[in-house]
Every structure is written in C-alpha cells, then in structure tokens.
Amino acid sequence: MTVRYVPVIGLEIHVQLATESKLFCRCSADYFGKAPNAHICPGCMGLPGAMPILNGRAAELAVRAGIALSCKIRDRLYFDRKHYFYADLSKAYQISQDGRPVAEGGLLKIRSDDGTLKPVRITRLHLEEDAGKLVHSAADGRLEGAENSYADYNRGGMALAEIVSEPDLSSPGEAREYAARIRQLVRYLAVSDGDMEKGSLRVDANVSVKQVDADTGEVLAWSARAEVKNMNSLRALERALEYEIRRHREALASGERLERETRHWNEAEGVT
Amino acid sequence: MQLYELSATEMARGVRAGEFSASEVLESCLGRIEEGEGALAAMITVTAGKAREEAALVDGMVARGEDPGPLAGVPIILKDNICMRGAPVTCASKMLENWVPPYDAAVVEMAAASGALFPGKANMDEFAMGNSGEFSVFTHPSNPWDTDRAPGGSSGGCAAAVAAGYAPLALGTDTGGSVRQPASFCGIYGLKPTWGLASRRGVVPLAPTMDQVGPFARTAEDLALILSIISAPDGGDGTCRPGQRPDYGAAVATPSLKGKRVAAIRDLEGLSSLLDDAVLEGLSKFLDLCRGGGAEIVDVSLPVTVEFGPPCYHVLSRAEAASSLARYDGVRYGLSKRGESLSELYTLTRGEGFGPESKRRVLMGTWVMSGANFDEYYTAAAKTRTLIAREFDEAFKGCDIIALPTAPGPAFIKGTQGGERMRMANLLTLPPNLAGLPALSMNMGFTGGDKPLPVGVQLIASRWGEAELLNAAAAVEKSVGGATVASLPARGKEGEAR
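Quick note, the sequences are listed as chains F and R, same order.
Each residue of the first sequence is one higher than the one before, starting from 7 at the first, in the numbering used here.
Each residue of the second sequence is one higher than the one before, starting from 30 at the first, in the numbering used here.
Quick caveat, the hints were computed from the structure, so don't treat them as lab data.
Some hints here could point you the wrong way.
Claimed, not checked - Label pairs and their in silico Cβ distance ranges: (1) R:E369 - F:E256: 32 to 40 Å; (2) R:G368 - F:A274: 44 to 52 Å; (3) R:G267 - F:H142: 13 to 21 Å; (4) R:G115 - F:E233: 28 to 36 Å; (5) R:S372 - F:D219: 53 to 61 Å; (6) F:L60 - R:E336: 54 to 62 Å; (7) F:V141 - R:E373: 35 to 43 Å; (8) R:T376 - F:G121: 52 to 60 Å; (9) R:G267 - F:V277: 39 to 47 Å; (10) R:E369 - F:K40: 30 to 38 Å; (11) F:E153 - R:A85: 51 to 59 Å; (12) F:E233 - R:E298: 54 to 62 Å; (13) F:S239 - R:R419: 26 to 34 Å; (14) R:D177 - F:H142: 52 to 60 Å.
Using N, Cα and C, we set each Cβ at its ideal position, and we do this for glycine too.
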C-alpha cells in the first residue's frame, strides 16, 4: 500500500485597520516606533470608570473587507469580552466578537499550485482590539533569562479585523498565495497597510497532516493540529509551514503521537 | 433652622438670591459632618478644602451678578465609586485605597457645572457589593436613626449622610437595590433611573448591564432637581441614551394621581409572612393615599420575576462582577504586591487587595462563565432576564406604577446581615435592574418603639418613566411630608472615619 500525506491548513489573519484612532478610544493609531506608553489614555489603559466608545471608521473598514470577501454582513454589531490574565492586556479581557461576528460565510478565490482557480472559504471576519506588548530585559529580548519585563500599551486597543479561513489550503504555496491575496485586498481597499514587518498584518497558521491510502483515498490517520505563530513575512509563512508539515509527516510515518499545541516560528534557526 | 436642614432647592434659591452664601451653607454642612462622623462613619474621605474652593467660586459668581446654576452652593456627597479629581476613589477596597482618578465622572462634571459643591466621598460596601455597608474594608457605617443598626448597602454612607444632614443630596450607584434599600433604611428618597438615562462615565463598574447612578434626597422636589442635572445625555458613555429628557421639575411642581393606575403585585401575597408588619402597613398606607388622590388601585402578576428573578440576578451579577474586577491585577495602578513571577504578582495582589465578598463573587462569577457552565448558567440567566423584561412590559399595559415594599423590614442590627428575612431583600429591589426599569424608594412612616425606624415603599415605572415616579412621590409627599433630618447621637461612639 502506498500512502500520501495531505496537508490541511487554515489561516487566521489579523489585520490592523487603517483608522486614525484606536478601536474604543481616541488615542492616535500612529503608534509604531513611538516612545513606550506615549499613545495611551484612561480608556485603553483600562482605568476604573473609563468606558469604551466604538470607532465607527473601524466598523466601516471591517464591513468593507467583509463585502470584498463575499461575506454575509450582520446589520448590528455585537461585542464580547474574552478574559485572560496577562500583563499586556489592560482590562484583563479583550473586547472581541465571539458569537456574532460582523461578517461571516465568505469566499476568496486563489491561484492554486497547479495554476487552477481554487475557492477558499472564509469562516468569519470579526472586529477586536489588540493587546499591548511586553519587553523583556534579557540581552536578546526573549523571555528566557530575562530579569525584568516592561509593559508598553501603545498597541493596546488598536483596531484589528481577524479574518479566519476554513482549512481549505493544502500546501505552503497555497497558504502563501492566500495570505498574499488577503494582503493585496486590504491594501487595495485601504482597509490596512498590510505591512507584515510592522505587524499590521499577522498570520497564524493552523496545520495538520492527514495520511491517506493513495489507492482507495481512505484517510488512515490525522496528526494533531498545531498553531504556528510569529511569521513576519510571506516567505516565513511558507518556510514555517514546510517545516511544520515535514514534522507532522515524520511523526505520522513513525507512528509518534503529536500533542495539540501552539508553536513559534524561529526565523534564524528555521524551526518552530 | 440651620442651613444644613434646608432642601437643595431652598439652598440654591437662597444662594442665587444672595440671602446666604455657598460658603455658609458648606460650613453648616461640614459642621454637621464633623459632629456626626464619630458615630456614623458615613464618609471615607472628607474633601473640605476642595469644597471650600468650590464654594468661594460660587460666591464670587453671585457677587459678580452671574448665575452659578440650579445647584448653586448645594453640597453633594458622592459614593466612593464615583470618580472625582483630587481625591481617591477607594471603592472601600484596599485595591484602590490610594488611587486618585485623573478625571471627574460625567455626573460630577454636570453637577459641578450647575454650581454644586463636593464635600466628600461616602462609605460603601467594597466595590458596591453588600447590603449593609459592612463589607467596607475601612469602617462600618451606622444608621443615624439608631447607630446600632446598619444604614443599608451598598450606598449606605450616602443614605446615612443625607439622612443626618451632611448634605441635602448624594449620588450613589444601584446594581440590585444599592440606592433604594439604604434610602428605605435611612428614611429618605432614593432613585434608580432607567438603565441608560444617566451617564456612567467615570463610575467604577460592578455589573455594567445593571449599574446606574442614582440620587438620594429628602424631598421629591430635590430628587427631580438633581435628576434633571445628572440625566443629561453624554457621548462619553455609549450606553447613555441621546436626546431630550422629560421636564422632571414639572412632574413635581403640580403632582396629581388622578386617573393613575397604581398596581400591587399579587404574587408577593404568598411571601407576606417574610415581610415585617410595618412594611406591609407602609405599603397599604401608600396605596390608600394614592386611592385618596384619585388613583385606581389594580393588581398585576409577575410570576416569572418573583420565582426566577433572584437566581437570574445572582448568576448575571456575579459573572459581570468577576469580569469588572479582573483588571485589578497590580500591573498598572492600585495595590501591587511584587512577586517572583507574573502569576505570583496577580495572586498576591488580588489575594490581599480584595475583601471576602469580592473574592466570593469573583469565584462564583468565574465559575458560572467557565466551560459548560456558561450555557447552563449564564446563557440560561440571560434568557430568563429577557422573559422578566417582557413580563414587566406586559404588566405596564395595565398600570402606570407598581408599588411594593423596598425592603422586607426596617434597618437591621449591625453584624447580623439581617438574618433569614433579609435574604429576600434582593427579591424586592433587583427586578428593576434586571429589566432596566426606573424605581424609587420613599419613606412611608416609622416603626413603633423607643427608637422608631424608617420604613420605605418602592415604586417602579416603565422604561424612561422617571417623571411618573416623581409625580406620584410628590403627590403622596403632600400628605406625608418630606424626610426629616435625623438627630445625631452623642459624640465619640463607634469607629472613626479615615
């Protein structure tokens, strides 16, 4: 029996919206490269009694992107609180859209590896606020070995649209193509500058590999899904997926069981 | 008659007419605070210096022939979860003991722009959770009518302050009865407006879908006066309704009950054994006065509210409290205990910063939102809430006002939490919070005995129906009179204010 390995990939793309101010306060959104905590206010710092006021422009841009992705657009906006404790999250919850996203059920056609047009289903597009950033004081800036951490809330509360695809992508090349199309689309529509290096477009990949009997097409095994983060270019996305798919194939081939986990792409070493 | 005994309306009139100064009014009230605090512990912070500056400004305006506004020279006590520049907003918690907000709450801005003075921040249950004031981590406030008893909660300090003549007005917050129940215990007026009427900007949230700022006063006229100021639309609170408000002053100027339909709740009859006789007498007295004034007495049935209101409230209020209190983590402001790791910082800060009731509610709230509990408890409660709101909508097709007791009995002895009977306290006051409706508590007499205690009645109207409540209260006040200032006990008893 011959077996084939088929990658199954879905992407979550966070797009920083091209608004002048943050999602729920009037702080300037032009925070990149500015002194830490120079773009904050009682609202995005979560001071007691400060209240969120929705930035209408952010909603407009999200709807615009949703329409371009052929999504159904909801006629009312609903927000939820996603709770978790972390020092870069000023209210200890993120205001997001959980149950009722602004847009859902869309489609984007991409050029697949063999040159044919392939439809990729868009699960949803929702609005949410970004978190701040922690800076660790170890020499290499990483958490390990750091003695102190500093919180910078300039990015906290920035307006994001999260675009979630169905797991319709089957190769690193397709994933790259899809992300490139999304980037082109948000840039063309002036929804975002789509700059991956600045972090205004961030791609997280969910990937698993299925083992298929080449003759019958029967699925023999699935590897546990991994979420891969920290790719800050399309090239990095492709390389990270290639690495991850190889890891899953080898595990399937050797019968090793993988854990469902979140992994970080290390650009310098080329590993997750 | 001393200046502190005047109503807010009389104070503002006198100050505007130049009959007495804002400074004189303030000094009279500050004197009253100094005299009362030893026994009452109604205040957390007294901001005499700040208030004196505000009074001087008002007097300067009057001297120059300018009008300081409809609250000219009127001292207003603020519950200590309402932000005011220049003083901590402790929420009666160690967590925010030394945290000074960089802004005034919207309602403070509005009152200040109308000439009001702010002599201090009132004691309360920690983060507004409790019904006696005894969950304050500082001192436990007392009821001016009997200092062995609680003033109620959570806005107990505000109610005690207005009843004792510290000020003619106070602003509290009401999430499940926290303005109305202490108003009833202290023999004054307390109003919880419709959710969305008054801005909550700058008010520390407890359960944001139920919280409202609510005023305390000793007359219906004063209640209308302060409501007309603090109910202004505010773009800084996205849940504050835009647009014109009714003329609340007109509602109390020529009150009439003619043709009004005032309803009693049939379903509460089965629970009458849990209600104090004085409370039931207060309710029938109120209904009699309404009938005498030309109202028609009807009855309504609210079976879903009576049976499911309390569990629904307990689930939702705890879930929202856990969410609201999550931000106090020691990272940005307030109490911060250094730890070896981030999780140790959280554990130490929250372990030390929150008192027992806050911890209990955070635990329960987190639990009802966790995993499968979310649908079983939170979602179920949210759906029940919709049914309760609909039940009230239906009831108000047949009546203009629903009348019921505010609390099951008069103020209870400190340290007892009122025992079994008081567990029902929520049942009477929480339905308007669940349904977003306005509700008012007014005094309806006293118990007998050598230390008579005030007893209140509660009126509920349909959404945005504050004028309806004020009209009824003012009409009944014509027969029973406004609230009287409680006399202070001998000095030097009990705890002292911070």
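Hints, verified against the model:
no. : hint                        : result
1   : R:E369 - F:E256: 32 to 40 Å : holds, 39 Å
2   : R:G368 - F:A274: 44 to 52 Å : violated, 32 Å
3   : R:G267 - F:H142: 13 to 21 Å : violated, 36 Å
4   : R:G115 - F:E233: 28 to 36 Å : violated, 48 Å
5   : R:S372 - F:D219: 53 to 61 Å : violated, 47 Å
6   : F:L60 - R:E336: 54 to 62 Å  : violated, 37 Å
7   : F:V141 - R:E373: 35 to 43 Å : violated, 20 Å
8   : R:T376 - F:G121: 52 to 60 Å : holds, 57 Å
9   : R:G267 - F:V277: 39 to 47 Å : holds, 46 Å
10  : R:E369 - F:K40: 30 to 38 Å  : holds, 31 Å
11  : F:E153 - R:A85: 51 to 59 Å  : holds, 52 Å
12  : F:E233 - R:E298: 54 to 62 Å : holds, 59 Å
13  : F:S239 - R:R419: 26 to 34 Å : violated, 54 Å
14  : R:D177 - F:H142: 52 to 60 Å : holds, 56 Å
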